[in-house]
Structures are given as structure tokens and as C-alpha cells.
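Q: Two chains, two frames, some hints: make the complex.
Heads up: the sequence lines are chains L and X, in that order. Our numbering puts the first sequence at residues 1 to 426. Our numbering puts the second sequence at residues 1 to 355.
Hints are supplied without guarantee of correctness; some may be wrong.
[As the list claims (entries may be wrong)] Derived lysine-lysine pairs resembling PhoX-like cross-links, with alpha carbons at most 25 Å apart: (1) L:K263 with X:K165; (2) L:K284 with L:K263; (3) L:K211 with X:K165; (4) L:K252 with X:K165.
I should point out that these hints are in silico values taken from the structure, not numbers from a laboratory.
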Amino acid sequence: MKKRMLSLVLAGVMTAALLTGCGGSAGTEPDSSADGAAEETEEVPEETAETTETAEETEDSGTTAEASGDSAGGTFKIGGIGPLTGSYAVYGIAAMNGSQIAVDEINAAGGINGMTVELNFQDDETDSEKSVNAYNALKDWGVQVIDGCVTSACSIAVSAKTAEDNIFQLTPSGSAVECVANPNAFRVCFSDPNQGAASAQYIGENGIASKIAVIYDSSDVYSSGIYEKFVAEAESQPFEIVTVGAFTADNKTDFSVQLQQAKDAGADLVFLPIYYNEAALILKQASDMGFDVQFFGCDGLDGILGVKNFDASLAEGVMLLTPFAADATDDLTVSFVTTYNEKFNETPNQFAADGYDAVYIIKAAAEEAGITADMSNEEICAAMQDAMTKITVDGLTGEGITWDASGEPTKAPKAVVIKDGVYTAM
Amino acid sequence: MEMKINKTKISKTTKNDLITYGMVILVYIVVQLLVSTGHVSSLVQGLLVPFCTYVIVAVALNLTVGILGELSLGHAGFMCVGAFASAVFSLAFKESIPGGLRFFLALLIGAAAAAVVGFLVGIPVLRLRGDYLAIVTLAFGEIIKNIINALYLGVDSNGIHFSMKDALSLHMEEDGLMLIKGAQGVTGTPNDSNFTVGVLLILITLFVVLNFIHSRTGRAVMSIRDNRIAAESVGINVTKYKLVAFTLSASLAGVAGVLYAHNLSTLNALPKNFGYNMSILILVFVVLGGIGNIRGSIIAAVLLTLLPEVLRGLSDYRMLIYSIVLITMMIFNWSPNAVFFRKRLKQTLTSGRKA
Numbered sequence: 001m002k003k004r005m006l007s008l009v010l011a012g013v014m015t016a017a018l019l020t021g022c023g024g025s026a027g028t029e030p031d032s033s034a035d036g037a038a039e040e041t042e043e044v045p046e047e048t049a050e051t052t053e054t055a056e057e058t059e060d061s062g063t064t065a066e067a068s069g070d071s072a073g074g075t076f077k078i079g080g081i082g083p084l085t086g087s088y089a090v091y092g093i094a095a096m097n098g099s100q101i102a103v104d105e106i107n108a109a110g111g112i113n114g115m116t117v118e119l120n121f122q123d124d125e126t127d128s129e130k131s132v133n134a135y136n137a138l139k140d141w142g143v144q145v146i147d148g149c150v151t152s153a154c155s156i157a158v159s160a161k162t163a164e165d166n167i168f169q170l171t172p173s174g175s176a177v178e179c180v181a182n183p184n185a186f187r188v189c190f191s192d193p194n195q196g197a198a199s200a201q202y203i204g205e206n207g208i209a210s211k212i213a214v215i216y217d218s219s220d221v222y223s224s225g226i227y228e229k230f231v232a233e234a235e236s237q238p239f240e241i242v243t244v245g246a247f248t249a250d251n252k253t254d255f256s257v258q259l260q261q262a263k264d265a266g267a268d269l270v271f272l273p274i275y276y277n278e279a280a281l282i283l284k285q286a287s288d289m290g291f292d293v294q295f296f297g298c299d300g301l302d303g304i305l306g307v308k309n310f311d312a313s314l315a316e317g318v319m320l321l322t323p324f325a326a327d328a329t330d331d332l333t334v335s336f337v338t339t340y341n342e343k344f345n346e347t348p349n350q351f352a353a354d355g356y357d358a359v360y361i362i363k364a365a366a367e368e369a370g371i372t373a374d375m376s377n378e379e380i381c382a383a384m385q386d387a388m389t390k391i392t393v394d395g396l397t398g399e400g401i402t403w404d405a406s407g408e409p410t411k412a413p414k415a416v417v418i419k420d421g422v423y424t425a426m
Numbered sequence: 001m002e003m004k005i006n007k008t009k010i011s012k013t014t015k016n017d018l019i020t021y022g023m024v025i026l027v028y029i030v031v032q033l034l035v036s037t038g039h040v041s042s043l044v045q046g047l048l049v050p051f052c053t054y055v056i057v058a059v060a061l062n063l064t065v066g067i068l069g070e071l072s073l074g075h076a077g078f079m080c081v082g083a084f085a086s087a088v089f090s091l092a093f094k095e096s097i098p099g100g101l102r103f104f105l106a107l108l109i110g111a112a113a114a115a116v117v118g119f120l121v122g123i124p125v126l127r128l129r130g131d132y133l134a135i136v137t138l139a140f141g142e143i144i145k146n147i148i149n150a151l152y153l154g155v156d157s158n159g160i161h162f163s164m165k166d167a168l169s170l171h172m173e174e175d176g177l178m179l180i181k182g183a184q185g186v187t188g189t190p191n192d193s194n195f196t197v198g199v200l201l202i203l204i205t206l207f208v209v210l211n212f213i214h215s216r217t218g219r220a221v222m223s224i225r226d227n228r229i230a231a232e233s234v235g236i237n238v239t240k241y242k243l244v245a246f247t248l249s250a251s252l253a254g255v256a257g258v259l260y261a262h263n264l265s266t267l268n269a270l271p272k273n274f275g276y277n278m279s280i281l282i283l284v285f286v287v288l289g290g291i292g293n294i295r296g297s298i299i300a301a302v303l304l305t306l307l308p309e310v311l312r313g314l315s316d317y318r319m320l321i322y323s324i325v326l327i328t329m330m331i332f333n334w335s336p337n338a339v340f341f342r343k344r345l346k347q348t349l350t351s352g353r354k355a
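The following block holds chain X by itself, in its conformation from the complex (with noise of 0.2 Å):
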């Protein structure tokens, strides 16, 4: 008896864990089959890791903003950091170290830099209350931008070579190999994302943060932000709990950029990838799909990236058409007069169909 009733208490959010799981799983699989047997274009074939960036980094930003309640407005910043300390260990390693093993040292050190910058913004940020670490986040973003852009770091038989200004100060030998040429950034990284390492990182985003939410810590972090005065006065270090939820969300989106970074043959720092536009988007990304529902990100970073693509063949119109295609879905999803006529809807056909 007392064995059921705990069966089922478990199961319950076991069960919604699941779904979401198996939602990830049953896509990739139905995916490769569609690869295999020549069924996917190669467009869609090229948007397959960009899928996997992009839902890793929503469903990180999710945490922050979903299940700690604060808005987070740089986590392009975070992703950049991640991107570019990868893409340097890689660079430097790309003969030295076999693929597989550099690959996955690349994504500690990606999740590493970004959570310990992330802790660092954090330690001021989250002991204020209110929308402080949205102001702050969105000028860290621009920041570590321009800082990239306007970093040189090489690596030669000397050692290492750094600086802010050109790549003539760095007085590179002729072995010399650039890492980071500031505007320039970093070329020639190892292509080692795929569309499996991208969907196995999923799932251990999806693992560390469903588990995080239904742990101790992460109930602590909800109670904050559901009543923070009530959090406190049973004891919970708000600052405490805050700085792990926002280090773990930072970690996992430096995991999105080292995907990204592996993607393709070049990493530049430009707006239009780690800048203001693209951390509004995450956060599109998040808000479209449901704040704090974790599924939602998912399906809205897949849809949102697969839309400007599915409309190239619009040419001219394309943005436009996706820019009034997100402006109905943000209405169809959040305006009360749609909810009420969403929830009518449903009534009229449910009770169509049990008559």
C-alpha cells in the first residue's frame, strides 16, 4: 500500500520528465531515419546542430528566467564565452589531442569559463532585488564583444603571446600560430559538432536541469521567486541559491557556444551572432514557448530557427513574413482575449465530441 502511493507520487513529474525526454529521442530518431534514406534536404541537414545550439541555450535561459525569475538579457555573452574559450583549446590542441577526447575537454573548459564568468557577474548582481541583472547582463553582452574583438592571443615556441592592441605586438615567430586575431577572431576550428553529440547534449541539459528543478536547491530557488520574504524567513540564502541557479544557466549556454563553435570553420564576435539581437531572441525563444516550461523552449528554439530557413524562398519577404508570423504567435499565445478564445475552442470541441 504504501509502496503504491509512492509509485505514484513519483511518477507524476517522472512522467512529464519523461515526455520530454522521449519527445528529444523520438525526433532524432525519426530524424536519422529521414537522413538515411535521403529523405531531408541538405538545408535542413545544415540546421541540424544549430537546432541543438539553440535549445540548449533557451532551455538554459529558461532556468533563469523561468524557475529563478530573474531576466537575464546577455546570454549571447555567455554562449560567446563559451564559444571562444573552446575554439582556442581546440585550435591549440587540434594535432596534439585525437578528436573525440578534445572535443569533450573543449566543452568542460566552454562550460567552465562561462559559469566562473557568470559566478562573477552574479556575486554583485543577484544580492540586489529587482531588474538589476537585466541591465547588468545586457551590458556584460556588448562587453565581452567588443573585448573579444579587440583581443590578439597567439601561440608560437616562445609560449603565449597576448595583447589588446594588433597582431604586430605580439611578435609572433615565424612557427607562430594565431589563436584569437582580434576583429578577425578564430579560424580554422575543428569541425567536431554533429547532430548526435548535439542531441546527447541535449538530453544531459534536459537531465542536469529537470533534476535540478525537482531537487532540494531547486525548490529553494522557486521559493525565492515566488515569495522572497517568505524564502528568507525560513532560512534559505537567497543570494546562495540565486548565484547556483544563474552559474548552472550560464555553464549550460558556454555548452551552446562550444557547440556552435565546432560548427563551422570561423568564430567571429559580431553583433549579429553574440550580440544584444541574439540574446533578445533566446529570450523570444523562452517567452514563446512558456516561461518555466522547459518542453516549450525546446519546440519554440526549433521552430523559431527552422521558420527564416523554411521561408528562403520567399527572398524578399522572408523577414517580414517572420517577423508578422512571431507577432501572431506572441499574440495567439499571450493575449488574454486569445487565451479565453483558445480555452472556448476547446470546450466547443471536447463537448462536441462527447455528444
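Next up, chain L with everything else stripped away, as it sits in the complex (with noise of 0.2 Å):
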């Protein structure tokens, strides 16, 4: 009786967290998957109804976002999705404080065409499923368009929802290839496959080495995408691969192993298609076994000079191909660099560049696309995606920045040695 008792208790509870969920959303939500339910042929009965339900909604919620908005041309709602708790939470908070730069310096100009902009951002602890329930609670909210998510597995999750529901996405640092592969998705950064290529293409059109070694993690989707697309285009250049070493994320503290093959097969190069915190060790324990060669990554090893307890001048002479670096000289890096380390007290990363610019590449596109507040989900996602394709960017991740309509920008690499501590370009 008292377990019979207990259990209906904790059912109540249940039921009432169930229904506090779901307080408030009623009414000011624009829900757009009206148009995606219809679109499925193969609908369950139950279903029907709630499609009909949410188009009435659809219908009040126009009204509502009329209504309210405090300044004359209502709220523009971007939604950010990123890891801002677990291991990677540096990548998902570097992003979003790029983005809330940005969008307050919207703001302070005077917003997106007469509208305030408001972010808020989600934790999706780089989990697809969270990153769904980020992109749903940001939905309930009333988000027009996602800025996210900063990792691809999330990204490509959540594309496939945005895709339904007809929701403009764009990712900052969504690198994996399926991450655009619908067409409502478009990415800041390069592609993996993109970076591979061109980091091959650049050793091998100025001659900097002859034999490479290739260490990377193939547990970690950035690295192999870069590593494959490396190896395929290394075929048609004049250097050749003389080893590769992989590693995983449950045994990336050793690379000693791997080193010596390098050395032992005579590599006048190493690769390092790897984050920065590994390419540190990397560095080390070259160092320590008197391995003295050339190294080279990508944008991943942007920020090898911030980390802890390392002996920077081990990363002397290390380019890297990268999108920024926060030692640039140009005004928007320098103004952008200050803002930040005023407001976090650090030096922002990539990863912070790449939100910034998805918030300024949004604006971009939705005053290319005249949008206003009272749009509905499906017009905005159908005149920002049609803007996309014709507007122009000059970003701090690169200059004159286009898209096509398959998502994926077109912009030059930058590349950068460092010299004396600080990243210069070459």
C-alpha cells in the first residue's frame, strides 16, 4: 500500500513536471512544423490533429511577435546551440561569447533592419540528443534562426530537425560535410575534406617538405575528415606520406611511439591534423627525444600558445592553416580581440571569431533578405537562404567570404608560422 502510494505520488509529480514544461509556450511560439507535418505523407492519425493545431498557432503567433518587441521593429531571435558544460565546453563558450559580441554591437548600431537582436544560447554538453532538446527548448522560445551548433555530430543532428521545420540554420564551426547537406544549412568554417586539400595543396605548391608523417586522432571526427581528404589529395602532389600514426581519445597522452616512426622513416614534416591540447604533448616529447622537424596543422592547433605550463618556444616555427589568429593587426581583429578580452578576460579563439562572424553573416544575409519581424519560419528560412548566395562578408575568419547554394563558403586560407611567440602570417 505505502509503495502503491508513493508511486501514484511520484506519477502526480511526473505529470505536473510534465505539464510546467510546457507552461507559457502556448501561443507566443512560432511554430513552423505545420509545413514539415504536411509535407509527410506517411502520418500517423494522432498527428493530423496536432498539424492543425499548429498552423492555428502559427496563425497567433504572427500576431503576438507584432504585438510585442520592445523597439519599432519588434525581436529578431537567434538561437545558439553549443557545449557550454563537459570537455568541450571551451569551443561552445568561445562561440558564444563571439556571438553576444556581436550581437550587442548590432544592437548598440541599431539592430537588423530596425529589429533587436536577441540571443540565447543552449548547452548541449556535445551530445546529438541534447542538442535536439536545446534546438526544441529553443523552438518553445520562439527562435527564427539557429546559430549553431559548434560541433558537427550535434549539427548534423540538429539539421535534420531545422530541415523539417524549415528553420535558416547556420553553423560556425559544424566542419563535417553533412553538417550543410540540407539545403536550409550553411557553415562559417571551412569544411574537414576543404582544410585537408588545401593544407596539402599549400605543402606541396611551395615546396616546404618532401616526406611527411601523418599523426592524427581517429577517434575524433574533425581529424579523420581532415586526415582522408589529406592522404587523397597528396596523391597529385610532389610529396609523398611516409608514415601515419593515429591515436584515440582514450589514449592521447603518449605519442612517443608514433614520433619515433616519423623520425625512423626520415619525415621532414609532420601533419597534425589535431587540436592544440595533443599537439602541445606532440611538440614535447619531439623536443625531448631530439626530433627536430617541421611541424604543420590546422586550425585546430590555433591556441597551442595559450596552454597551460607550455614552454611556448617549443612551438617555434609551427605553421598552421588557420582563419584567424588573434594576433592579426587588421582593425576588426584588434577591436574584436580588445572587446573580448575586456568583457572574458581572455584571448578568443577561433571558435569565438567563428560566432562572431555567423551573427554579422546573419545580419548580412537578412537585410539582403529584408526581413522583418512578422515573418513567419518558412518565409524567413526561404529568403535567408536565397540571400546567402548573394551577399559578400568581410569577416575576422576571412575577407570577401561567399556561399553557394551548397552551404559551403568560399574564402582563402590563411596561413601562419610562429615566430617569437606570436602567430604571423606568411
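A: Okay, here's the thing in C-alpha cells:
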């Protein structure tokens, strides 16, 4: 009897929690799932009722959106998704901070088409499932454009949902190919294959090395994506890959085996398509074993000078292809880095720059498309999708960036070399 | 007279089971009504399938922990096996088999794959006494995750290609389809899971588990849990019954994995979703809901999945509060002092009501 009482109470609590979970959402959400649901022909009967309901809701929300809104043009709601907790929190927080700075600047300058921009950044813990939850939470909030996700796998999971709901999505740093497979999804950063090919071409064209060793993280999407394309592109380049050493996320502290392999094979360049934490260890271990060689990396190496207890002199001469260097001297970068330093007391990395650019790209596309607050999400999505292929953006991560309908950006990769402890353009 | 006694005797367990089924069906009807009247937020709607996934896996683990009395720290690993086996099947036959049938076959494949793996893990370990199952399943969960992260599988006009090295060594033709792409996992799985299917699977799981517990085999399993020597002395084949229960538990975890894999369009084996932490989280569902209490597992799984999402409004403090709530709930449920306090409180309440 006691157990039954307890379970009844708990069941009650559960139902109550379900109810509170949806409080306040009715009416205000410009739910656009109606269109997506209608397109699907195989719907179970109960969902038909839902479809009609959401259609009504969309009409309702149109009026609410017009009525509310503190500034003359209403508000424009951008939803961000990225890891704010867990082991990849550094990337999500950086992207969030970068986006926030851009939003503050835009609002100070009068907003987008007179609309005040609001940013709501949700945590996804680098988990695809949590990422979709975060996206649904943003939908309840009334999101109009998604600035996310920060990581690739989450971005793919969310883009399936945004495509269904017709919500425009721009991922600042989701670099896997599939992230922009849907027509409503675009990205700010280079794709992984793009970086692999660009690195191989850069090394080949500039004759930096003839025998190359690769050390990459086979359990990481970013790293293996770059590696595969690098190897494919290497066939048509005037150098050869002499050894390949792989490691995984569970085994990333000792690289002596991979380094010894590279040394024995007589490599004159080690290509590191990995993140900077592991790269810092590799540099240290290479110097300990007296292996003096040229290191070359991608944007994941950006931030290596900021690693705690890392002797920055070891990174001297390391080359990397990156879209963003915090030490660049152009006005845009200088002002961004200063503001970021003031606000968050640290030097921004490329994720922060991607986040910052993402908001400005959304702004440029929204202005091109003539977005107003009373447009429905489907209208915004269609207009933005079209506008993306017409705009040219000068951002932190590249000048004159353009997009085609595939969602891939076209911009020139910047190669930098670490000289006297700072990133210097080559 | 005889009939009557018989009837009341059956109805005690049956009644208890019916309450469990009724609870699930009631929640399903209430939720469907709320959804159709537009009172459920997108967040909760998106959580409905994960609820079902975690309920199934919690019930499955409760079978091992509560009924069999062995500790498994690798149920996320069985979920992972079920998820990947079914996702690969669904992706490969995405065009050639219609939705409903394909998902049904995927469920069977996922359950079978997890059962086979569970059986293989169980053969050596369940012969031992002590906590060896916990150690071996813990290792199994990590190994399976790493194997899948190193696995490359593709299919093209020449047949199936397989590699443990990288995607390039598959030497696929142009028309090839990558099924598992190492760490990038499976992408493009059809979204076949929905709430109705999830609830149906919960009901099937409950039906299987509850009937198993009340069956002859189930009683044998429980007798092993309670006193192994006594069970052996009456001629119960200990290893056999332990294997039966553990394999069943693993295959149900595989079903949960199938539901998980068909809810999202990407599937990666990450520490986050199929790692050690997830196994522990499932164990937390079971412990919090009460070891051996199937209904409790259901409620705990739903509550603990919902909690971090409802707390989204608190942004940075979300995970902090989630863990504090967990600790408080554990103390409230299990600490002897808290149990005593609850008893006394209840006594005061009931005596007050009488007076």
C-alpha cells in the first residue's frame, strides 16, 4: 500500500512536471512544424490533429510577435547551440561569447532592419540527443534563426530537425561534410575535407617538404575528416606520405611511438590535423627525443600558445592553416580581441571568431532578404537561403566570403607561422 | 469455492502488473491528449522518445540488478550494439524496404545482436561468483565503443567492404554507400521512432519482463539471487538461469538502442551517449527507482531525463542543481534516517486522519 501511494505521488509529480514544462509556450511560439508535417505523407492519425493545431498557432504567433517587441521593428530571435558544460565547453563558450559581442554591437548600432537582436545560447553537452533537446527548447522560446551547433555531430542531428521545421541554420564551426547537407543549412568555417585538401596543396605548392608523416586522432571526426582528404589530395602533390600514426581519445598522452615511426621513416614534416592540447604534448615529446622537424597543422592548432605550462618556444616555427589569428593587426580583429579581453578576460580563439562572424553573416543575409519581425519562419528560411548566395561578408575568419547553394563558404585559407611567440602571417 | 481462491490468488500479482501497464497507458493517453490540444512544448515533445528509450533500458537493467542480483556496468554497451546493428541495417535498406516493416526488422536485428553479445559476455563471467560481471561489463562497454569508433563499413556494387584502418582502405566504388564511418558513426538513419512506437515497446518490454519474473524460470533466477547454495541443492542449473536472465536483459537494452538510433539522424559512439557515464546513469535510474521495482525504474528514468531539461532556464547552474537533486533524492530514498523519518511522518498522517 505504501509503495503504491508513493508511486502514485511520483506519477503525479511527473505529470505536473510535464505540465510545467509546457507552461508559457502556448501562443508565443511561431511553430513552423506545420509545413514540415504536412509535407510528410505517412502521418499517424493522432498527429493530424496536431498539424491543424500548430497551423492555427502559427497564425496566432504572427500577431503576438507584432504586438510584442520593445523596439519599433520588433525583435529578431537568434538561437545558439553548443557545449557549455563538459570536455568541449571551451569551444561552446567561446562561440557563445563571440556571438554575444556581435549581437551587442549590432544592437548598439540599431539592430537588423530596425529589429532588436536577441541571442539565447543553449547547452548541448556535445551530445546529439541533448542538442536536439536544446533546439526544441529554443523553438519554445520562439527562435527564428539557429546559430549552431558548434560541434559537427550535434550540427548534423539538429540540421535534420531544422530542415523539417524550415528554420534557417548557420553553423559557426560544424565542419563535417554532412552538416550543410540540407538546403537550409550553411556554415562559417571550412569543411574538414576542404582543410585537408588546402593543407596538401599549400605544402605541395610551396615545396615545404618532400617526406611527410601524419599523426591524427582516428576517434575524432574533425581529425579523421582532414586526414582522409589530405591523403587523397597528396597523390597529386610532389611529396609522399611516409608514415601515418593514429591515436584515439582514450589514448592521447604518449606519442613517442608515432614520433619514433616518423623519425625512422626520415620525415621532414609532421602534419598534425588535431587539436592543440594533443599537439602541445607532441611538440614537447618530439623535442625531448631530439626530433627536430617542421610541424604543420590546421585551425585546431590555433590556441597552442595559450596552453597552460607549455613552453611556447617549442612551438617556434610551427605552421598552421587557420582562418583566424588573434594577433592579426587589421582593425576588425584588433577591436574584437580588445572587446573580448575586456569582457571575458581571455584571448579569443577561432571558435569565438566563428561565432562572431556567424551573427554578422546572419545580419548581412537578413538585410539582403529584407527580413521583418512579422515574417513566419518558413518565409525567413526561404528568403535567407536565397540571400546567402548573394552576399559577400568581410569577417574575422576571412575577407570577401561568399556562399553557394551547397552551404559551403568560399574564402582563402590563411597560413600563419609561429615566430617569436606570436602567430605571424606567411 | 476453489475457483474463488484461485482467482484472488492470481489477482495479487496480476493487479500489481496491471497497475504498471495502466500507468504507462494512462500517461500515454494524457500526453497524446495534451499534444493534440497543443499544450506540450516542443522541448517535451522532443523528449518523448528519449523517455521511452531510457525507460526500456532501465527496466532491462533492473532485470539484471534487481531480479538476477548481479551488477552490470555496461548496459550502455548493449544499447550501443543494438543501436549500431539496427542503424546499419536501416541505412542499407532505406530505399528497398518500406518504413514500418524495416523498423520492425531493425528492432529484431538490434535485439538479436545485443542478445548474442550479452550471451557471449555472460558465458565465462556468469560462472563466477562475486562482482566479476560488473568488472567485465564495464570493460565490455568501453571496448565496444572503441571498436565501433575504429570500424569502417561500406557497401557498393562489388559487395560489402570492411576495414579497421580508415575510410580510404575500403576502396569503394563511386556508387558506394558508407554505412559506418569510424568515429563519424552512422549518418542518415531514417527517423522511424516515435512516441507511439516507444510506448508500445515499453509495454512489450514490461510484458516480457513481468511475465519472466512470475514464470518458473523467473522464480529460479530469484532463488539464485537469494541463496545460491539452496538453489543449487534443489537442482537449479545456476549458470543456465543466470545466462537466460542476462541475455534477455541485454537484448532489451538492444531494443532501447534501436529506438535511440532511429530517433536522431546521426549516431556516434561517444563517451557521452554509450560510455561508462551512461551505464552509470542507467544504474542510477534503477537504484533511485528501487532495485527490483520495475515501476520505480520507469518513474525514475522519466524524472531524471526530464530534470536537466526542465532546469534549462537556470543556464549555468543547471548541472549543479541536477547533481544536488540527485544526492537529495538518494538520501531521501535510501538513508536509514530518512526512511525512518518517512515512516514516522506517514504514521502521524494516518493517525491524524483516523482521529
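Q: Holds or violated: L:K284 with L:K263, Cα cutoff 25 Å?
A: 15 Å, holds
Q: Take a quick look at whether L:K252 and X:K165 sit within 25 Å of each other, Cα to Cα.
A: Holds: L:K252 and X:K165 sit about 18 Å apart, inside 25 Å.
Q: CA of L:K211 to CA of X:K165, is that 25 Å or under?
A: Holds: L:K211 and X:K165 sit about 21 Å apart, inside 25 Å.
Q: Given the hint that L:K263 pairs with X:K165, does the C-alpha gap stay at or below 25 Å?
A: 22 Å, holds
Consistency with the previously given hints is maintained throughout, with no hint failing.
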